[in-house]
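Number of protein chains: 6
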Amino acid sequence: MKSIANLLFEIRILKDITRSGYTFLGSGTESIAEHSFVMAMICFVMARMETQIDREKLISMALVHDLAEARTGDLNYVHKRYCKSDEKKALGHLTDKIPFGRDMVDLVDEFNEGKTREACLARDADQISFIMELKKLSDTGAAGPERWLPIVMDRVQTGCGKQIVQTIMETSWDEWWADGYSE
Amino acid sequence: MKSIANLLFEIRILKDITRSGYTFLGSGTESIAEHSFVMAMICFVMARMETQIDREKLISMALVHDLAEARTGDLNYVHKRYCKSDEKKALGHLTDKIPFGRDMVDLVDEFNEGKTREACLARDADQISFIMELKKLSDTGAAGPERWLPIVMDRVQTGCGKQIVQTIMETSWDEWWADGYSE
Amino acid sequence: MKSIANLLFEIRILKDITRSGYTFLGSGTESIAEHSFVMAMICFVMARMETQIDREKLISMALVHDLAEARTGDLNYVHKRYCKSDEKKALGHLTDKIPFGRDMVDLVDEFNEGKTREACLARDADQISFIMELKKLSDTGAAGPERWLPIVMDRVQTGCGKQIVQTIMETSWDEWWADGYSE
Amino acid sequence: MKSIANLLFEIRILKDITRSGYTFLGSGTESIAEHSFVMAMICFVMARMETQIDREKLISMALVHDLAEARTGDLNYVHKRYCKSDEKKALGHLTDKIPFGRDMVDLVDEFNEGKTREACLARDADQISFIMELKKLSDTGAAGPERWLPIVMDRVQTGCGKQIVQTIMETSWDEWWADGYSE
Amino acid sequence: MKSIANLLFEIRILKDITRSGYTFLGSGTESIAEHSFVMAMICFVMARMETQIDREKLISMALVHDLAEARTGDLNYVHKRYCKSDEKKALGHLTDKIPFGRDMVDLVDEFNEGKTREACLARDADQISFIMELKKLSDTGAAGPERWLPIVMDRVQTGCGKQIVQTIMETSWDEWWADGYSE
Amino acid sequence: MKSIANLLFEIRILKDITRSGYTFLGSGTESIAEHSFVMAMICFVMARMETQIDREKLISMALVHDLAEARTGDLNYVHKRYCKSDEKKALGHLTDKIPFGRDMVDLVDEFNEGKTREACLARDADQISFIMELKKLSDTGAAGPERWLPIVMDRVQTGCGKQIVQTIMETSWDEWWADGYSE
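Protein chains in written order, with my numbering: chain Z, 4 to 186; chain L, 4 to 186; chain W, 4 to 186; chain V, 4 to 186; chain F, 4 to 186; chain B, 4 to 186.
It should be emphasised that the hints constitute simulated quantities derived from the structure, not laboratory data.
It is possible that part of the hints are untrue.
Where chains are identical, the list cannot tell them apart; a pair therefore holds if satisfied intra-copy or between any two copies.
Simulated pairs of lysine-lysine, DSS-like, Cα-Cα distance not exceeding 27 Å [stated by the list, open to error]:
(1) LYS91 - LYS165
(2) LYS83 - LYS100
(3) LYS118 - LYS165
(4) LYS100 - LYS87
(5) LYS5 - LYS87
(6) LYS118 - LYS92
Since the structure is predicted, the reported quantities are computational estimates derived from the model, not experimental observations.
Extracted from the complex, chain Z is given alone in its bound form (with noise of 0.2 Å):
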């Protein structure tokens, strides 16, 4: 049972780690946590804009897809062009103790092959997450996601995706409590 606090904590440690890419952007803040999070609400939605999808793949695929990154770090597209990070190692590293380990290092690697539709949508929803937060900065006065922003949108391969990123666009970031507000 030692394995699974283990495990545990090590997941608790992504609240902790924020994303590398808002330094470089220069503005906006977000921990490892909560992009898997909203992420994970993406797919949820995803999951139940298509049919004959599997929901708990496509969810538990996001909540994972960024576990190892409690050992390598969040590595951005800088750091990447000077770093390689084993992940395999990292989340072989971190599964090994636990019985369903085998299962969380599946469901990494079909994200990362990205050939299933459920690893598609989550990656386009990996993509969605990015976008919302660039959105949200710009809606805000941040100079910058203006220019990112059509490079992420370009990341996005599903119709599914695709569909969603164009209503995000054409939707302010506080039009869903703003909108018909009265005195």
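Place chains L, W, V, F and B on chain Z using the hints.
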């Protein structure tokens, strides 16, 4: 589709809302998004420690259990004595234009009723997420958490939850990487 | 005397509670204590711009008007649609062992009823405090505040309040030190 | 009227200036606005524990006692050994176009001279505000505050102030809500 | 040796003291340690752009030029109108038990007098460090910095400094990694 | 000249990158710029405690030793087990258009090889900077640092470094100002 963008931006704001209990504890901080992520991963683990569990339901419950707090705010123990929040109304407005909105309401209702096996486990995961934070704060020098730990531990109901709590209490928060440290 | 120490520690926690509206605005941050201070100083000024004002009452109203939020939390526009807070009960518990507790309740009641001259001015000071923050955020590059400024300005009722708002809108937030800057 | 807007924006910046003593203490943080609010509320309480007090004067002194720090900065014990701040000049410039500027200067002068009953109480409230913060930091695990508590306590002069300090030291910072906690 | 440990801990506190000018600017934040590092690196660069420079002196001046602020605090433009800081006394106490204390005082004196080639370059580096921060804030959406940029640029005196300023103003803060970005 | 501006902006980002080790320690925070400043000042001191030292080289090594982390990120003990960072490539790109780029690479190489007297001292200064932070955290109430202090102390190699470490461990972090405190 506009309703989907609005739903996602509403979910996104859970990254910006901090849990009010830590102010009263006097140390620590956590967004609702971070709490929901850790809780969802505890459910992911529970779903594999137990048999005959609807895994998708268990994990999804964790993801959606606090969504209404985007509209109601995060009410802690003290707040609840003075505020009545209409979570049903909040969830209703959050989901009423969403094709699968009924699904989301059902998940939250099942969680709140706490009768099914999945709901019992998810409710324990909610407490375990808090126990892990108290344990970490206590391990790193905060005074206060040690007083609340037994109270929160007493809330845990399932055998699976109790097992996890026991092993968490026997494990230092940094053991996963600090044990076996060598230069 | 114990009740006095408890009252003061309860007041102290208003330093640690941030006003929830700024999360929804997308920029800025402010504790309830900071808001109450600025509002009290606006009342201090109003008390001297107007004649025949009970100055002590006006200033004291500003200081105590949000005390109940230690127990109810800070409910913003969205929250109020879904939460009913029992401010009377909160204030009752806050003051029931305090010899001058009745005084405090009376001040808050008068403020909430908004009928006396002092209450009208204090209520305007509450809005002006928010207008000043929106103005500063707007002056320093945030997008969003410019949308809310006319709405909040419309809430101001007294001639004195309106005069202050007009001059604030015509003044840059840093004019007090930046004008006449010389090397 | 422009001078009023400038005065209010100058007051507003006290929200953004943190008290420098906490850097040297090694824990805690507080804006001048937050400090002034808590001190004003201690004066509000003192004004009701004592008889024959000019309440408005006592509370107003707390509100204005640190206004000059917008221009001089917050000088702590160490700073004061090396910096001479001309508070009179700062207050002069802050108030010279304000019709009731003389009132403000008089309040600060009376506070600094510390001769009247109200000034003595306000000066004690200044220290009690700091004692409360040290007590809270000490209660929640910080090392350091316990060393400074007796020194700051010794500065308190009035009977009323001493009574308050004694009861604060006998009371845990969270007793107001944590005592009588029940699930 | 005790005096060496005390000196180093005094230097360490420059990490915890934020530069007060950013509060008045309304955006950005920087510790004195961070400012001194960037300024020292600008001097490192200048020492290689120019010939016949005492490199060690130039770089060391940057490192020590703000040491006295541990004792005097960081006084900005407004503060300096109302506070006289005795930097000589502060440096005297900082260095009086240090065998090489005289060296440190001499470096600061030479910097403040601004007569030698190295002092002129170091003084420009001080301004360039601020210009870089204003440029970054402006590039990322802050309003305010664009007003101060020409004023601070005017302070730069040396040919070398002017050349660096010109190229900084022509370069986006993120060009070093964002140009040539490709997926 | 464009390459100089890019170099300086790349150096500037070290202010925005926090050292990842503190997340795993559970308390404290520090930017790479802050760490580099303190380390450079320790080298400044060492350069004067020792004889026959190339002072400029020793101090410059401290300033440049972590420059590559702008591109590679700050890899802590855990990260290094799973990531191989190509510091040479990062430094190459950082310096390839800089006329004195070779100088910078040579300094970092000498530091990393740790063979010269200056490199040995600089490497000790790197560790001493961390020891000072652990000591401060421990002095102010954090639990955790006391476990790592002996491990980090063991890394110090030079006589000069060992002397400094010993006196730091015998000195409270606030002794420089708190000793001899008098009202």
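Right, here's what the structure says about each hint:
Within a single copy, LYS91 and LYS165 get their C-alpha atoms no closer than 30 Å, and across copies no closer than 32 Å, so neither meets the 27 Å cut-off. In the homo-oligomer, the alpha carbons of LYS83 and LYS100 lie at most 27 Å apart only across protomers (21 Å), although the nearest pairing inside one protomer, at 29 Å, exceeds that limit. Proximity of LYS118 and LYS165 under a CA criterion of 27 Å is satisfied intra-copy only: 18 Å inside one chain copy versus 39 Å between copies. For the identical chains of this complex, LYS100 and LYS87 are neighbours both inside a copy (25 Å) and across copies (25 Å), given an alpha-carbon limit of 27 Å.
Proximity of LYS5 to LYS87 under the C-alpha cut-off of 27 Å is found in neither arrangement, the shortest distances being 30 Å within a copy and 30 Å between copies. When the C-alpha separation of LYS118 and LYS92 is checked against a cutoff of 27 Å, the pair qualifies only within one copy, where the shortest distance is 22 Å, while the shortest distance between copies is 33 Å.
Checked against the numbered hints above, the structure breaks hints 1, 5 and satisfies the rest.
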